[in-house]
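Protein chains: 2
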Amino acid sequence: MPEKPAKRLRGRPKQADNDISIQQTIIYTASALFKEYGYEAVSLQQIGKQCGVSKPTIYYHFASKPELFKVAMTTMLNNVRKVTSHLLNEVDHLEHGLVRLAEARLANPHAEIETMMREAESFLDEKQVREIREAEQQIHELLAEHFRLAMDQQILREEDPMFLAETFSTLMLMGNRENNPQKYESHLALAQKVVSLFLQGAKAT
Amino acid sequence: MPEKPAKRLRGRPKQADNDISIQQTIIYTASALFKEYGYEAVSLQQIGKQCGVSKPTIYYHFASKPELFKVAMTTMLNNVRKVTSHLLNEVDHLEHGLVRLAEARLANPHAEIETMMREAESFLDEKQVREIREAEQQIHELLAEHFRLAMDQQILREEDPMFLAETFSTLMLMGNRENNPQKYESHLALAQKVVSLFLQGAKAT
Chain A
1 MPEKPAKRLR GRPKQADNDI SIQQTIIYTA SALFKEYGYE AVSLQQIGKQ
51 CGVSKPTIYY HFASKPELFK VAMTTMLNNV RKVTSHLLNE VDHLEHGLVR
101 LAEARLANPH AEIETMMREA ESFLDEKQVR EIREAEQQIH ELLAEHFRLA
151 MDQQILREED PMFLAETFST LMLMGNRENN PQKYESHLAL AQKVVSLFLQ
201 GAKAT
Chain B
1 MPEKPAKRLR GRPKQADNDI SIQQTIIYTA SALFKEYGYE AVSLQQIGKQ
51 CGVSKPTIYY HFASKPELFK VAMTTMLNNV RKVTSHLLNE VDHLEHGLVR
101 LAEARLANPH AEIETMMREA ESFLDEKQVR EIREAEQQIH ELLAEHFRLA
151 MDQQILREED PMFLAETFST LMLMGNRENN PQKYESHLAL AQKVVSLFLQ
201 GAKAT
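Quick mapping for you: the protein sequence lines, in order, are chains A and B.
Note that UniProt numbering gives residue 76 to position 76 of the first sequence, counting from 1, and the numbers run on in steps of one.
Note that UniProt numbering gives residue 158 to position 158 of the second sequence, counting from 1, and the numbers run on in steps of one.
Rather than coming from a laboratory, the hints here were simulated on the basis of the structure.
Note that CB positions come from ideal geometry on N, CA and C, so glycine has one too.
Among the hints, erroneous ones may be present.
[As the list claims (entries may be wrong)] Covered by chain B, per the in silico footprint, the following chain A stretches (three or more residues, Cβ under 8 Å):
#1 42 to 51
#2 113 to 119
#3 145 to 159
#4 169 to 175
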């Protein structure tokens, strides 16, 4: 029996260029919705509705909801990595770079990753979990590289650079705490306080 | 019509003493289950089954699931506060107290509070949310008091003690990070590294 021609999916876009932009729109919409409501509460239908595409269009681009979640998370984390790289390479002074990085991350904490992962993990396969964790790990490695360099230049004291990177990332969770926007005048003000504590410590000199 | 005698609830305990211990058991079981599976995934039936009491017995002690959640959370946070107070009062040296406190908190991060709250918040009323937040706030205030004292003694540099308390609590989230038990030999080893960074900072001297 000759194979029937594949039925064109409703809403399937015609051009490759268009494909990319629709794909991007779906990813960004999904990221925002997952971040706001968590994994389970968000349906593909809702994501489609929000960005004006049909559910079959989403399935044309992404095999499943867990797959879309994985792509949304890794895209978000890769963006954090790019911003981190840009900010730390741009400035001569480590402290300035860290303040700018902290300002960006406190304003938009990727912290919620842990919360989302906890909820989503049982729906994801091993490979999807690993890919998200690797994207997160790459941010730590990039930070650790800069810390390693600063140790070689005797700007930082000798310490496990990965430990410093993870500590720094953990401190960015200050951006998640309730009421913080009220208590600190701005993300910049909080960033300066956090970086200063990270570098100088709380001890009297 | 004469009022019918109230039907005794199945499993309702007979003695006041017993009431207290059953109540405690329900609270601790609920805390453990909520912490493990989150708010929604845990049913009162499941809590009852785990501690060998009927659902009506739970309802005899707690008006509702949100109410039980609130009591479980505030009990847990009050315990963290008591342990904090005990550890910081027991030692002469701030650093030793902080290391012991960090060791205890890294081993049993109350961090997951934020995750649980995020999930549970839509089911709680304003008063319940406020009571949980206040119990958390009291831990910060206690820590801030000790930091204030250490500033007066010129052990710590002048800084907003509440900011230091919140930073210290945020650092305890290092206990939540994936793989940490593998990467650091023990909670004590991680506690020492974190407290040392908190006090001395990462900068070369």
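Status of each hint after checking the structure:
1. 42 to 51: Coverage by chain B is violated here, the residue count being 0 at a Cβ distance below 8 Å.
2. 113 to 119: Our answer is that it holds, as 4 residues pass the Cβ test (under 8 Å) against chain B, meeting three.
3. 145 to 159: Check passed, 7 qualifying residues.
4. 169 to 175: This one holds; 4 residues, not fewer than the three required, reach chain B with a Cβ under 8 Å.
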